[in-house]
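Each chain is listed here by its residues.
2 protein chains.
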Amino acid sequence: MTAHHSVPFARPSAETVAAVTLELQKRYGNRVVTSLAVREQHGHTLTWTANQPPDMVVWPETTEEVSEIVKVCAAHGMPIIPYGTGTSLEGHVNAPYGGVSVDTSRMNGLVAVHPEDLDCVVQPGMTRKTLNELLRDQGLFFPIDPGADASIGGMVSTRASGTNAVRYGTMKDNVVSLTAVLPSGEIVKTASRAKKSSAGYDLTRLLVGAEGTLGIITEITLKLYGIPEAISGGICPFPSVRAACDAAIMTIQTGIPIARVELADALQVKAFNLHAKLGLPETPMLFIEFHGSEESVKEQSTRFGEIADEFGGGPFEWTTKPEDRTKLWQARHDAYWSCFTLRPGAKTVATDVCVPLSRLADCVEETHRDIAETGIISPIVGHVGDGNFHLTPMVDIENPEEMRVIEEFLDRLVKRALAMEGTCTGEHGVGQKKMKYLELEHSAATLDTMRVIKRALDPQGIMNPGKIFRG
Amino acid sequence: MTAHHSVPFARPSAETVAAVTLELQKRYGNRVVTSLAVREQHGHTLTWTANQPPDMVVWPETTEEVSEIVKVCAAHGMPIIPYGTGTSLEGHVNAPYGGVSVDTSRMNGLVAVHPEDLDCVVQPGMTRKTLNELLRDQGLFFPIDPGADASIGGMVSTRASGTNAVRYGTMKDNVVSLTAVLPSGEIVKTASRAKKSSAGYDLTRLLVGAEGTLGIITEITLKLYGIPEAISGGICPFPSVRAACDAAIMTIQTGIPIARVELADALQVKAFNLHAKLGLPETPMLFIEFHGSEESVKEQSTRFGEIADEFGGGPFEWTTKPEDRTKLWQARHDAYWSCFTLRPGAKTVATDVCVPLSRLADCVEETHRDIAETGIISPIVGHVGDGNFHLTPMVDIENPEEMRVIEEFLDRLVKRALAMEGTCTGEHGVGQKKMKYLELEHSAATLDTMRVIKRALDPQGIMNPGKIFRG
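Chains as they are written, first to last, in my numbering: chain X, 298 to 768; chain U, 298 to 768.
Just to be clear, a hint being listed does not mean it is correct.
Intra- or inter-copy, both count: the list cannot distinguish identical chains.
Subject to a maximum C-alpha distance of 30 Å in a straight line, what follows is the list of computed DSSO-like cross-link-like pairs (lysine-lysine) [what the hints assert, rightly or not]:
#1 K595 x K520
#2 K733 x K486
#3 K368 x K618
#4 K712 x K644
#5 K644 x K426
#6 K486 x K426
#7 K486 x K712
#8 K486 x K567
#9 K567 x K426
#10 K618 x K574
#11 K520 x K733
#12 K520 x K712
#13 K618 x K595
Worth flagging that the hints you see were computed from the coordinates, not collected in a lab.
Chain X on its own, in the form it takes in the complex (with noise of 0.2 Å):
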């Protein structure tokens, strides 16, 4: 294997745009969209990037025309960004190049549910709040909860993950199978419907986390869960970031299957505060959820209190009932928009990382001393059971003495973050934001890799440039 650098990719010109766009309308006659404010809107991610819009974009509605439209864009060398609802956060769906933004929202069935074998069909425009309440008369939902009512197909293409990820895992570990459109337009499945298979290469996790650019999700086949009979939540506050942290390790060590374990710092319960007037005392500060029969989350939530309490923490108030547990995990899934309580007027450019358990503690202290050290304001929200952390640090945009304080924050929150064993993102990938953090965390030969897979499927590069890879 040779080294390869990506070929840096070149704008499409403009005669290439009006051939493909003339192609396309031919075909998809006012799915075929032009305009700059639908550009623009299509040329952002919900964390704060310069926009940079696409030249066209295109709703599909069959795995058959997005084999037709990839195949038309491969033709002419043009770019191809796939697009779910735009609420990634590192720059996935902006177009750096230009091209084609393929928009699946018109692509949102539920193609099957199959209740016996715990598992469902679903176009990738399908959001994840409207497959469960498609789910929920069945008995039946789908764990994987990132803040946004993302796609699933987006959700499949970062690698995303939540809340639930502790006891149901990531994307990775719940898609069964997947069709997708490669660059060369041609239509794979890459899995049978069975639970496991040790049938040839895992194609189906080489597209998860591949962030559009090896090819196109159509569709997805998810596992499903049966809701749980019973479930009890509530918060636990803690003395410290640390003592919240080694219960949770504790409660885990244990074997207790906890469902949800979500960290707020005091700054973030502020915010909750301001945001959701739940009047909670501003300290670290645990959300807890257990699933399982009435007497074992019983038995879980009481076995948790006792944990807590020997670290300090506590009293853990809890409750089964459905709407005190649904306002406060409201509250916890609304953490992105509180922090705007805090500054109101600033902007924000939101980031994770993931750290081993045993280190979480020592990377949100270390990280608490550092937003003390530079003045910003940044609430900290974790998945503690996975070792996962958000920032949200509030900023003026415009003010570029203070972004590069930022910038430069961030870049030390990364090292610490991989000095300690961990990872550049836990759950929002790589996009445009990160991709010199990869060049960190991997080896050359590591990313080498990477680098060939994708130009042995990609040869022109035309899937989503300028993403993962620099150039």
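Keeping the supplied structure of chain X fixed, place chain U upon it in accordance with the hints.
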């Protein structure tokens, strides 16, 4: 992407073999062996296949030595066959083109255990039983348990699972990170020690299940679990395979976190009785295990007993006594060996398929009819929670007519599973013997995608040639 076919590999010339032998002996002395006995011992897997010995066997002791060996072989176009314990079942370690068998049994160390992170780092030659013995004192265990005392490296490469997969997943779910030597000799580390990551392509999962065709695994970071406070287990007879499957599905749908649920058909129970003197009624049977707290395993066992009763099964006799449980599970793990009691002197061509849970009873029942019509002796055991089952047809390999009958039977079995949206192998892998079925399972485009990846990472085709893909 253009269609690729693997280059039909040519056996290296006598001169090449002599040159490689000399070069490796110069470096590793008597850790290079060319005697026929040792070569033949490395030339076949556990199930019956014709012996295909490599040209030599080498025992490296470090990742760097593996890298050197691969570089020597690459320079001479010499095939490389990674070797663990030789307990795989589809001809994975046979050397159809000769070459160097790289035996990892001297690389069998436990490099590190991180109890707080619930992970450990092992070398590939470590076996699963030895690992669990070393972990026990720390209250930890590694759950994946194929029947044999396989090496962890081999388990990675076949994407192995076993009886605990319904609760703990398969190797794909339990490998955090890998170090591997690629066909170029380059060393890559696929991921950090963080529990999850969205940092680039999932090279970990690409190597898990690649059967040594993309590289040699030299170090593995594995997820661990706390040994449950309590374990209850037992057996439950059922009037039919269907009743047993339905009870298992209902248990899983209800959300009871069953740890093991294994089906044995009446003939398999007879084999257990002959082999281990269990004195069980010779009827379809589920072997069950629950993990949790004392209270929760009691509750789970009681609830399972009620479900079994609903489907005409029972009584469910369970115990938390380790010695009684161990006897039962030893019998289950010896399923392979017990089958030889049914036809002394015979050999077996063991195989597995996997279907969606809802089709398992259909698939087993149709296979039973086929067995009855064909008149062969073939017990069935199944991982009911995964839809995965094993056949162990006992056969006189000297009798060509009998071999033909078995081959045709296995052919019908795989086609039956594929027609039910299943896979040609749930956990054994493709090896040599299922290459033709991989072509039935996947479309040409999907198989081509796998071949493109193989070709990109191993342009000479030296890494375990003649496996997974036909020439």
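Homomeric proximity label, K733 with K486: Cα distance no greater than 30 Å = between (32 Å within a copy, 18 Å between copies)
Using 30 Å as the alpha-carbon threshold, which applies to K595 and K520: within, between, both, or neither?
-> both (27 Å within a copy, 28 Å between copies)
Identical-chain pair category, K368 with K618, by Cα at 30 Å = neither (53 Å within a copy, 63 Å between copies)
Homo-oligomer pair classification [K426, K567; C-alpha up to 30 Å] = within (27 Å within a copy, 50 Å between copies)
At 30 Å max between alpha carbons, let me know whether K618 reaches K595 within a copy, between copies, both or neither.
-> Both ways: K618 and K595 sit 13 Å apart in one copy and 26 Å across, limit 30 Å.
Pop the pair K520 and K712 into one bin, within, between, both or neither, using alpha-carbon distances up to 30 Å.
-> between (35 Å within a copy, 24 Å between copies)
Up to 30 Å between alpha-carbons, please classify K644 paired with K426: within, between, both or neither.
-> Only inside one copy: K644 and K426 sit 26 Å apart there, 54 Å across copies, limit 30 Å.
Identical-chain pair category, K712 with K644, by Cα at 30 Å = within (24 Å within a copy, 57 Å between copies)
Between copies, within a copy, both or neither: which fits K486 and K712 at Cα up to 30 Å?
-> Classified as between: cross-chain Cα gap 18 Å, same-chain 38 Å, threshold 30 Å.
Using 30 Å as the alpha carbon limit, work out where K618 and K574 are close: within a copy, between copies, both or neither.
-> within (19 Å within a copy, 52 Å between copies)
Given identical chains, is K520 near K733, meaning Cα to Cα at most 30 Å, within a copy, between copies, both, or neither?
-> between (34 Å within a copy, 29 Å between copies)
Quick one: K486 to K426, C-alpha cut-off 30 Å, is that within a copy, between copies, both, or neither?
-> Only inside one copy: K486 and K426 sit 25 Å apart there, 36 Å across copies, limit 30 Å.
In summary, the structure is inconsistent with hints 3 and 8 from the numbered list given earlier, while agreeing with the others.
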